[in-house]
Amino acid sequence: MTMPHLAQLTFETDGAPLADSALIRTVFERAAASLEKEWGVEIPLPVTIVVLSNENFRALAEGPHDPALWKYCFLMCDPPANRVYLNTDLFTVVPHDAEAMIKHETAHIVLWHLVGNKDAYHSSYFLAEGTAGLDGATERLINKIKKEKIENIPDPLTLDSAARSKAAGGDTNREPFTEQLGELVIVSAVEFLRTRHGEKKVLEFYQHMRSEKSLEDVYGIVCGESLKKVFKEWEESIKTQIA
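Residue numbering for the sequence shown follows the working numbering, starting at 1 and increasing by one per position.
Careful: at least some of the hints might be erroneous.
What the hints assert, rightly or not - The calculated BS3-like cross-link candidates involving lysine-lysine, where the alpha carbons are at most 25 Å apart (straight line), are:
#1 Lys144 / Lys239
#2 Lys166 / Lys213
#3 Lys166 / Lys71
#4 Lys166 / Lys147
#5 Lys201 / Lys232
#6 Lys232 / Lys149
#7 Lys228 / Lys213
#8 Lys118 / Lys200
#9 Lys37 / Lys118
What the hints assert, rightly or not - Label pairs and their in silico Cβ distance ranges:
#10 Glu12 / Gln207: 26 to 36 Å
#11 Pro80 / Arg164: 19 to 29 Å
#12 Thr92 / Glu139: 22 to 32 Å
#13 Lys200 / Gly63: 33 to 43 Å
#14 Ala61 / Asn152: 32 to 42 Å
#15 Arg174 / Leu60: 20 to 30 Å
#16 Pro46 / Ser21: 11 to 21 Å
#17 Pro95 / Lys37: 17 to 27 Å
#18 Thr240 / Arg25: 32 to 42 Å
Derived from the structure by calculation, the hints contain no laboratory data.
For every residue, glycine included, the Cβ atom is placed at its ideal position computed from N, Cα and C.
With these hints in hand, go ahead and build the complete structure from the sequences.
So this is what it looks like as structure tokens:
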């Protein structure tokens with residue numbers, strides 16, 4: 001198995017059984033190694049994984065609407081503290097998506113450090129969620145569109161907040177984020193940009209992000225073309241694969 005070179009993983013437990021500790025370690029190591037390769041990580045990244053029982057994970061909630069209470073929320077991260085919180089029920093409730101979800105959450109920590117500017121990283125919900133990625137996002141999106149007979153694909157540029165992503169199709173009390181329309185559109189669209197330009201160019205977007213600039217503005221500066229036009233190409237590629 002490919003091991004991470006720079007991600008220094010440590011594990012803590014809080015009320016969780018240790019029966020799956022080897023599996024948990026293996027999945028996180030694979031995720032870290034994959035992210036290092038994808039994003040060209042060249043700096044040490046210490047990451048602590050806090051493994052919790054379902055009861056203790058839900059107890060992290062700071063209020064009645066906190067994500068820690070959502071039915072299909074099994075992972076949370078704190079990038080400044082380099083910590084990922086894992087509810088071990090993930091492996092029994094959605095075992096087929098556990099590895100992809102772990103990689104996504106760990107990616108938030110990796111990208112937060114690579115960007116190196118917390119204000120820039122948090123300046124675009126769309127970009128932060130999209131670069132965190134989800135393996136097989138475009139295939140997942142196409143399957144969902146076919147299965148649910150979705151006629152109107154949301155415009156990626158409208159999904160610039162968690163609320164708008166949820167409004168487009170996403171309820172974590174009903175389904176995991178790996179199946180939510182808004183999330184899949186975001187990640188698939190950014191996957192299209194990553195394929196078009198490469199990860200280093202995508203990281204450049206963050207360096208130009210400012211409160212007075214939209215992602216469209218930044219994309220035009222860095223890539224010299226219209227993001228709206230590029231996302232039309234993405235939409236057409238999705239429709240072609242649906243047909």
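22 to 32 Å as the expected CB spacing between Glu139 and Thr92, which holds or is violated = Since the Cβ atoms of Thr92 and Glu139 sit about 24 Å apart, the hinted range of 22 to 32 Å holds.
Can the suggested window of 19 to 29 Å be confirmed for the beta-carbon pair Pro80 and Arg164?
-> holds (25 Å)
Check the following: the C-beta atoms of Lys200 and Gly63 are separated by a distance inside 33 to 43 Å.
-> holds (39 Å)
Verify the proposed pairing of Lys118 with Lys200, using a straight-line Cα cut of 25 Å.
-> Between Lys118 and Lys200 the Cα gap is close to 18 Å, so the pair holds against 25 Å.
Whether the CB-CB distance between Glu12 and Gln207 falls inside 26 to 36 Å | holds (34 Å)
Within 32 to 42 Å or not, the Cβ separation of Thr240 and Arg25?
-> Since the Cβ atoms of Thr240 and Arg25 sit about 41 Å apart, the hinted range of 32 to 42 Å holds.
Within 32 to 42 Å or not, the Cβ separation of Ala61 and Asn152?
-> holds (34 Å)
Are Lys37 and Lys118 close enough, with their CA atoms no more than 25 Å apart?
-> Since the Cα atoms of Lys37 and Lys118 sit roughly 23 Å apart, the hinted pair holds (cutoff 25 Å).
Do the alpha carbons of Lys166 and Lys71 lie within 25 Å of each other, as the hint requires?
-> holds (15 Å)
Restraint check for Lys201 with Lys232, where alpha carbons must lie at most 25 Å apart | holds (20 Å)
Could you say whether the range 11 to 21 Å given as a hint is met by the Cβ separation of Pro46 and Ser21?
-> holds (19 Å)
So does Pro95 sit 17 to 27 Å from Lys37, Cβ to Cβ?
-> Hint holds: Cβ distance 25 Å, inside 17 to 27 Å.
When held up to the earlier numbered hints, the structure conflicts with none and fits them all.
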